[in-house]
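Asker: As a plain string of letters, each chain reads:
Number of protein chains: 2
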Amino acid sequence: MPTPEAYLEAHQPRFLDELLDFLRIPSVSSLSAHSADVQRAGEWVAERMRSAGIEEVKVLPTGGHPVVYGEWLHAPDQPTVLIYGHFDVQPADPLGEWKHPPFEPVVEQGRVYARGASDDKGNMLAPIVAVEGLLQSTGSIPVNVKFLFEGQEEIGSPQLPDFMETHADLLACDLVLSADGGQWSEGRPCILVSLRGGCGIQIDLKGPDHDLHSGLHGGAIQNPIHGLVRLLDSMRSPDGRILVNGFYDDVAELSDVDRAQIAALAHDDTAYLDRLGIDAVFGEPGYSTLERQWARPTLELNGIWSGFQGEGTKTVIPEAAHAKITCRLVAHQEPDRIVELLTAHVKENMPEGVKATITPAGFSAKPYLIPHDHPGNQAAHAVLEKMYGKPPHYVRMGGSIPICALFLEHLGAHTVSFGFGLHDERIHAPNEFFRLDSFERGQRAYCELLAQLARLGA
Amino acid sequence: MPTPEAYLEAHQPRFLDELLDFLRIPSVSSLSAHSADVQRAGEWVAERMRSAGIEEVKVLPTGGHPVVYGEWLHAPDQPTVLIYGHFDVQPADPLGEWKHPPFEPVVEQGRVYARGASDDKGNMLAPIVAVEGLLQSTGSIPVNVKFLFEGQEEIGSPQLPDFMETHADLLACDLVLSADGGQWSEGRPCILVSLRGGCGIQIDLKGPDHDLHSGLHGGAIQNPIHGLVRLLDSMRSPDGRILVNGFYDDVAELSDVDRAQIAALAHDDTAYLDRLGIDAVFGEPGYSTLERQWARPTLELNGIWSGFQGEGTKTVIPEAAHAKITCRLVAHQEPDRIVELLTAHVKENMPEGVKATITPAGFSAKPYLIPHDHPGNQAAHAVLEKMYGKPPHYVRMGGSIPICALFLEHLGAHTVSFGFGLHDERIHAPNEFFRLDSFERGQRAYCELLAQLARLGA
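From first to last, the protein sequence lines are chains A and B.
For the first sequence, the positions run 1 to 458 when the numbering used here is used.
For the second sequence, the positions run 1 to 458 when the numbering used here is used.
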């Protein structure tokens, strides 16, 4: 029998053909016209898993777009890992900016161009292919493996929390590997340590029954915009620290090791500012730009509106004023708790002469943090360092991907991000592409990682 | 010869017919489709002045809607008074809410219903009729009289400042009497002491080149809404005092007499709040509601907008944020100076990480103040007290009517407001009306006032 590596190398043309087939399915989860395509992509994945030798493969309903499950559980005394990815994609518009049609994949100079190539079809196909390579070459997998591929990641996985709760036994595992992620650069790997969560509120301040003439009434009653401005300004100090009582209480502070890992990354504030067209960074004192973006919570005003917005002048005291606020949260802040604190702050700082209605935003995501030296990360570190010839950077993400926190909550398992996308691959944009190098590297890396996890033991 | 009073009484049916004719002309100055009607109203006024015995009557071009001038200058050693009013009207919409068509006047129970009945055709016709009564009964007028009726009051008199400047000799006078105003109630007269002026700016704060993802960038750069909120909040203390440096420097403080005059008026905060649907008055400490509305300057936020205003959540850091501000000014604040102070405040209080553009508003009006015991007011006081059997209240107006300040600036003459409108006459609204009582009372009052002014001497 060949080695897994030799098997993978020998069958690479077929794997590429399969990837192209997969990319031809326009599985856009946000457009109801493509619901059948999302279903078809799930069935394609299920069939591909079966042909790889994965067992108990099922396309399972969720109430929305389906998930695909499969398993191979013949490694007694070894840990069980759940490999995660998604087969739905973002819409392709604006279509006019694509050099080739988004669902007619084209290979050029070692890159495959198509919607979903990097996010996430190329990445999620790699571990399936890797498992085929292991089974076809060695007849077994070093650890027990389960697969969970979903069809609703790009719309926020609305049915996934319920699905995880009702299928907790089926999905039970020691560790999750997410094939939806990336590396630092072509030459440098990375390990994702944290994701920020989020929550938000809308504040509606109500003043008089109707808009009033500012000449007749100005100076004698509270102006709702003035009230709102005062209220919002009370939430943040001039230098950028959040002043909402208790806001920082549950924040996991950065350790010296954490800060050293972040400081080791090449980040240039000047280049960053040039890219955004502004003159200065601004944020919580005592933290670097990357620390502020990755490891500190925020309170951002996303929208504000009241009164007259047209050309010219309208001398009105508006009847109401409105603001939308979202926070980015870090471990171990709880979104619901932060909404409570924001609400309490509004109540305690209410300007005179107006009334407030506070509406929690639909946006609510728990932050995620995995110890940088978690055994899963140690295994990934060893594999990545060997493959790239350089140790991985330890990075964080300022945005919110709720899935990692959901796995921790429902399965009690941490998630190691183990994908091979790169920053320039235009995910969510026209001319998305994936490097064939990364596709192959991902296959080999999964073979290595499953072996490495077996060495760590159960 | 009859007395002027007897003459007026005898000809009242004709005067009413004339008023109805005048009201049938839809002289809406803001609608270009009615430009010819405004011109026609001016010519109607000129003809009516001539028939009253007024001399040198001319319809004069202004570059916009015309003005009508006339004079009677045969009272040597007596003062010259300029009587002001306007023959243009507000648009009549919403038409569906009128009980009768707005330009088909109807008399019901002693009231004439039509657009412009109270504002200002009924009021401005009264002094013309009064002068006719004087000339037809006594052959003369006790003082020298000039008339200036304009056709662009309802659109802010854009050409009037230039017209006054170029016709300063023609309009030269000792005192202006404005027939565009009202009384306190049917049983109680009033004398207008001051009008607030105004000015304004728009602030545009610019942050990054484009909207940014709050997850990726949140916490590391200034959010333009945060910057705007901070800047606006810096302009006013929590208790309502304006914090812009120098803002109060030129304010004419209320004397004890002024405050006693205002305090003598029946104002009930509870009823006022009920009418607006709010719980509390709010404003500069140390002043009553009427003082705040009438005699203190304000800084009001009329509009604010930035970022996402739709349903749901968009986790964006907006590229820019905007606010519209107007101030109401009191004597002797200068609108241009206040705009300078606002601009300086913005520059001195600029939040980090954003840039500001400040645009002065088109709205700019000087405040107006006439000494309560000005000889013109003394004359009006004597006439009104005699006619109503009660002394007039001394009142102020929170809104801005630039014409009084313009007369003071260009002619060096104060304006005594001497009109007979009442608060319930629905000016600018459907079913505007004027009391025939007020029409007659205005005629008699002008006869009395001109005699009273002659007694005061030149």
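Just to be clear, a hint being listed does not mean it is correct.
[Said to hold, decoys possible] Stretches of chain A that chain B covers, calculated by requiring three or more beta carbons in the stretch to come under 8 Å of a beta carbon on chain B:
1) 321–334
2) 369–380
[To be verified] Listed below are the simulated DSS-like cross-link pairs for lysine-lysine, each with C-alpha atoms no more than 27 Å apart in a straight line:
3) B:58 - B:206
4) A:206 - B:347
5) B:390 - A:314
[Claimed, not checked] Non-contacting residues of chain A with respect to chain B, defined by C-beta distances greater than 12 Å in every case (computed):
6) 3
7) 168
8) 186
9) 240
10) 347
11) 362
12) 409
Just so you know, the hints here were simulated from the structure itself, not pulled from any lab data.
Glycine included, each C-beta is placed from N, C-alpha and C at the ideal position.
Asker: Work down the list of hints and note, for each, if the structure agrees.
Answerer: These are the hints, each one checked on the structure:
no.	hint	result
1	321–334	holds (count 6)
2	369–380	violated (count 0)
3	B:58 - B:206	violated (53 Å)
4	A:206 - B:347	violated (31 Å)
5	B:390 - A:314	violated (38 Å)
6	3	holds (41 Å)
7	168	holds (28 Å)
8	186	holds (21 Å)
9	240	violated (8 Å)
10	347	holds (15 Å)
11	362	violated (6 Å)
12	409	holds (20 Å)
Of the numbered hints given earlier, the model fails hints 2, 3, 4, 5, 9, 11; all others are met.
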